[in-house]
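There are 6 protein chains.
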Amino acid sequence: MFYHIKELQYTAKPSKPDPVYAKKLQEILGGQYGEISVMMQYLFQGWNCRAEGKYRDMILDIATEEIAHVEMIATMIAQLLDNAPAHDQEQGAKDPVIEAVLGGMNPQHAIVNGLGAQPNDSVGYPWTARYTVASGNLLADFRANLNAESQGRLQAVRLYEMTTDPAVRDMLSFLIARDTMHQNQWLAAIEELEQSQGIVVPSTFNKEYEKQEVSYSFMNYSEGEESRAGRWASGPTLDGQSTFEYVQSPKAMGQKPKLEPGAKYIHGTPPLNFKLEQDSE
Amino acid sequence: MFYHIKELQYTAKPSKPDPVYAKKLQEILGGQYGEISVMMQYLFQGWNCRAEGKYRDMILDIATEEIAHVEMIATMIAQLLDNAPAHDQEQGAKDPVIEAVLGGMNPQHAIVNGLGAQPNDSVGYPWTARYTVASGNLLADFRANLNAESQGRLQAVRLYEMTTDPAVRDMLSFLIARDTMHQNQWLAAIEELEQSQGIVVPSTFNKEYEKQEVSYSFMNYSEGEESRAGRWASGPTLDGQSTFEYVQSPKAMGQKPKLEPGAKYIHGTPPLNFKLEQDSE
Amino acid sequence: MFYHIKELQYTAKPSKPDPVYAKKLQEILGGQYGEISVMMQYLFQGWNCRAEGKYRDMILDIATEEIAHVEMIATMIAQLLDNAPAHDQEQGAKDPVIEAVLGGMNPQHAIVNGLGAQPNDSVGYPWTARYTVASGNLLADFRANLNAESQGRLQAVRLYEMTTDPAVRDMLSFLIARDTMHQNQWLAAIEELEQSQGIVVPSTFNKEYEKQEVSYSFMNYSEGEESRAGRWASGPTLDGQSTFEYVQSPKAMGQKPKLEPGAKYIHGTPPLNFKLEQDSE
Amino acid sequence: MFYHIKELQYTAKPSKPDPVYAKKLQEILGGQYGEISVMMQYLFQGWNCRAEGKYRDMILDIATEEIAHVEMIATMIAQLLDNAPAHDQEQGAKDPVIEAVLGGMNPQHAIVNGLGAQPNDSVGYPWTARYTVASGNLLADFRANLNAESQGRLQAVRLYEMTTDPAVRDMLSFLIARDTMHQNQWLAAIEELEQSQGIVVPSTFNKEYEKQEVSYSFMNYSEGEESRAGRWASGPTLDGQSTFEYVQSPKAMGQKPKLEPGAKYIHGTPPLNFKLEQDSE
Amino acid sequence: MFYHIKELQYTAKPSKPDPVYAKKLQEILGGQYGEISVMMQYLFQGWNCRAEGKYRDMILDIATEEIAHVEMIATMIAQLLDNAPAHDQEQGAKDPVIEAVLGGMNPQHAIVNGLGAQPNDSVGYPWTARYTVASGNLLADFRANLNAESQGRLQAVRLYEMTTDPAVRDMLSFLIARDTMHQNQWLAAIEELEQSQGIVVPSTFNKEYEKQEVSYSFMNYSEGEESRAGRWASGPTLDGQSTFEYVQSPKAMGQKPKLEPGAKYIHGTPPLNFKLEQDSE
Amino acid sequence: MFYHIKELQYTAKPSKPDPVYAKKLQEILGGQYGEISVMMQYLFQGWNCRAEGKYRDMILDIATEEIAHVEMIATMIAQLLDNAPAHDQEQGAKDPVIEAVLGGMNPQHAIVNGLGAQPNDSVGYPWTARYTVASGNLLADFRANLNAESQGRLQAVRLYEMTTDPAVRDMLSFLIARDTMHQNQWLAAIEELEQSQGIVVPSTFNKEYEKQEVSYSFMNYSEGEESRAGRWASGPTLDGQSTFEYVQSPKAMGQKPKLEPGAKYIHGTPPLNFKLEQDSE
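Protein chains in written order, with the numbering used here: chain A, 1 to 281; chain B, 282 to 562; chain C, 563 to 843; chain D, 844 to 1124; chain E, 1125 to 1405; chain F, 1406 to 1686.
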């Protein structure tokens, strides 16, 4: 169960409206790696958690914080939209600043949301649950989380560069700092799990059932060998079980496929001698 | 540019048809972490790559391999669908095996695809480009890739458990082995990048611009302190810059939001004394 | 900002697993009128609220409760999935109960979520932000909310009829009761707003600017006049401004459209004498 | 079955082209509350209607009118796009009006639709059938319809404010008037149904089966009690069955969830002592 | 503008309910090539039509017929759902027919639509406007229409094979016949347009601006030359302008791409010597 | 299996950056008829192909070429985005060229993709697998392919008109030429198949099972008879089996639908005398 505190986790109040920036800021609200994504991802990972209690608790703590981040950015966007212009184009064109705003705004911010935030990304695409990951395997999911916090911090930093409003930057500096923590946090949790399980997910699958002769081969599917120069092509493998092998010219190991003709009731492509058959019917 | 080899990378030929399993196998073809996702993700990361050549080459090598994985699974699915029944329900109900097949099949495999594979997941949801990640920052993206290979191997292992067909398991054992390699590969590439950049993405953002007092604090947003027991709540942070702090009762640091009334032309909620105003107009 | 309480708002613990029902229950979790929809809808309405404080507070109170409803249903689903079978079809077909389960389960519950809930509906379609409504006009939005609670209670009641598990029914009886309250609540809030604004949304648009001669006409676009029998076709209009008029045979009032030929650079359909022109070029 | 009349229901002919406004006008064509939504919603409600004849007839009458509204707006958009510029950016930038048009246009209007309307909203997101509601319970659905006409009129009014073209405003004044009628119409139909059924949907569910002790409680999930000030927190409930109760500090009534470990074949997170086990295998 | 006729275009009344078949029949209602698709596609092509009048009229005639097809199938589905069972799984499993129905039904038909049709396909995926094509070039669009009627008839035929209900087959036999007409119709319209314009769309683009040396070459991107055996690899081209050429081993004609490093404010992958730079800052 | 060649199929290097055009060019990369669509469509048609070998080979040859087209356009877009500005709006407004760029850019190109291409269309909507067609009937599918190449060439031509950069035009001239070939190719393959099968898809369905009295009738669903003037309304039908008939006033042939009341457990609209019943319970 949850309780709400009326104050925001951190101040979210722009120096002045900027509806064009409001459109951009939507990306870290309702985009693939926006705050709604991590909020929903962590909530579902926590609720579905079948591992020992400290994991469930930790995941739900950060999930709860993410709801507050969604709240902060939504609040910021609503204020960036204060008094957004809604004039017609011709008038706008006479004043380049107004025109710039008119051209760069998300029209739904005015028409649909009445100058409020929306759970969409910066091109107006709605947040979708297919962004979330909750697999029931925590090592896999913590890697998803580390990725989410990496992409999220990267986008917040890019948005920091796109404004000069000190108050907007101040809020972003808070979110960026929290993403620093969250990258550290997932790395710490990953380290803990890898120490007991090893690094290959899932660790419980019997290795004898995998085709081990290709488990450590880098396959070079292009001419040239620039890809040989990386750590992934030589030296011990990261799981400590083998050595990377570089396969210069990988060969096909499978069959040349030839499918059976489809069943008659499917009405696929008829055989070439089809017409004759029909005539004789 | 690309060339096609008629043989498959590895054998993909089931012992016998199994249209119900064909539906399930769609998950690792067109699902969030199916082979289409990694194929498209690696292709776009490679084509957009602005880093030195060995990265572009490596990424496109694995991308090219993934096209072959899509090909193998699609071929397998088409064969699992050979001679799928299309009788009516009542007849099916008399024979429990037929009925089981009828109830568990994806109807589109027959109606739409004529017993062929489709670029969708196991519930028929179409693959969408919002699954892909190509941010222009390789450390961020390699974490996305590590996650994708972890989720992908986990799903392949689960599908391995769901069939007893040795030929299907054989193909999966190949894909599972390649996922072992690809987890190792991305971990190796990540290690290489982290050694020069550090672990926080993006590393090029000046730390002085982030709100450093909250960069290493675990905030406990629930009663109880089970979340204190993990590596993420004490000891040195993973980036080597600080020590984890556990904040038992985090306080709100922001304002209590109060939005301005909306502009008149937006026709939001009128003020409470609205009626009177209108009368006097 | 938010805090989390480890206990659920109400007990959510099934008497025994039922993975087929788990699939159905997803509808009121991640469907169009599931709990995620009302949670997100109320959160965004609250955060965007520009009206006086009691509205924002009330909306966020109920929004916060809805997060707890999402939590309850997700928890219930995870437990309904305990020990779901993952055998192959042929074995299943020998045991009709197992087979029924295999045929009726959502395959992603096992393959993708590892026997956990997912933020999707009962056919596996992901929750999408396009379900939410937050227009900035509270009377409009409270009607959306009343609809959501009506559809939501209807679906919960239907799901109640589809199970005999007393523990599942107990949880649903709680949710159904809360939907009773929430329908009453939105009706009360609507009544309050309508008393000051009138019933037509938005009330602030000058009626002289609308084409008033068609503001109260029921137009009968079919042969026969059964539609004349309802309250909507005669008597005073609900806004108290006029009387319903029944137009037996509405006539077209507009032009027969004729579009200009498209600009040349668009390469639309060429004029009929196109060929000759090209020859002479 | 349907017949088409070549004339439009009402005139739809702009004074002059305005491709930027064409983009905005798409919202009430193919948006969540655009005319396609009400057209499809009413058609499906009518075709699925199991209630007495006057409802089916009335619903299909208005559905048929909505097809004509889609037609009017599509026709208007095609004309607003007449001769939209397709020059390159640099030239545009020299002429602020052209530039404004180029920046604010939907590029698909030219590239994909050849200066025609599209069944999408103002950010280019396609209309989706998940917008429609047809539940088989008319009281529930009429509330959905009332909401749709409220949101729809609100958006039409906002678009009215965004243009100065008298011919566009004229068409909107017609649509706004029809929305006035349709709000009145659904309110009338709702009143009729509520008089026989009561106000809680569905009315046929035995109240003894709901957890009646929470059926009329407003739960305050935040600090402070501003939410106590509304009609929803005291006085008789709108269904006439009880009195609103204000619960100042709602307590959790459910269990602290603890999920069973997942089945082995799911390969979820292994137990902490996993490594040792494997060693002994 | 449109009028509605209460009778259906053709009888749509099943001999008896069959909820499993109802699910499958959704494909030609709300699927990619279902009746909603052709209805919307033809409506938008007609409304956007800038060519001479007979085309607009013809397109809107068939569009209007398609609304009637949607109506017929929706009506059929609602009746196939009459009295669909909603018991629990365990009881169902005792009676294989009931169980078959329970396992094969679309759960939303009961929970969401109250035993009514929905504008979705056979796996429950909603109809989306991205299925429609209206390009402003009639030859291009008539090819889209011919394809739609070909896919549509193919699916209707497959559904005909999947039922033994004579009444359902009777309705399908009507729809299949109309698809025969519509394939003939679009072929006739295409022939008419090709005679004046030629076959390459768009015909108005000056051929000198295309890279004509590759305008008629079949490029063989695989080992082996089976693809040489078809009509597409030799003989005169269909546009009568040239001869097909078979390129056995096509060579790359472009550059080896090398992208510039990204701008600094984008925070892409830092250069390899990044760490040192930072230290000296 | 596939191999990658580092050189592009054709040169893709703009004369100078143009981020606004980059946004537009996304349409033929990730749009409904972009290169990803034909790539995926041909790959799946080829992998699912159950017809004789030359078809599979031919389809996969062109599929493999299309991967190279995706590569070229992605590479072009990344370079068009070089050094895209990310300044704030106010500064931009002072310089109309910069402002034009800022207003017309896709914000995700900077925030999400770090100045790289994305698998989306020109309004940022993600590519979806629902664009692909692979029905198992090659004649049907080749018509889909002919349509795709017609729409694709049309869009490429429109994009050619929208730029003056000779290097961008050069790449487009190559793609346009390939689309000329591909239209010819599919027409040739269609001709070959139609010669053995006839023109109505599917040709294997027994014509006696279709309602032949309506197989060749043009039905005029509007007042006026402009639609009579076309080839589709008179003369021999294209399949050579009959003559087109023009039905001036088509009559309804079906029933006036009347649905049974819904089952009780569905809780649809209660009968009008509902209240009394409940009272007596």
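Be aware that one or more of the hints could be misleading.
Below, a list of computed lysine to any residue pairs in the SDA-like style, where the Cα atoms sit at most 25 Å apart [unchecked claim]:
(1) F/Lys1663 - E/Thr1288
(2) F/Lys1656 - D/Ile848
(3) E/Lys1335 - E/Ser1366
Coverage of chain C stretches by chain E, computed from C-beta distances (three or more under 8 Å per stretch; other residues unrestricted) [unchecked claim]:
(4) 633-645
(5) 781-792
Just so you know, these hints were derived from the structure itself, not from any lab. Note that CB positions come from ideal geometry on N, CA and C, so glycine has one too.
Results for each hint:
{"no.": "1", "hint": "F/Lys1663 - E/Thr1288", "verdict": "holds, 24 Å"}
{"no.": "2", "hint": "F/Lys1656 - D/Ile848", "verdict": "holds, 16 Å"}
{"no.": "3", "hint": "E/Lys1335 - E/Ser1366", "verdict": "holds, 14 Å"}
{"no.": "4", "hint": "633-645", "verdict": "violated (count 0)"}
{"no.": "5", "hint": "781-792", "verdict": "holds (count 4)"}
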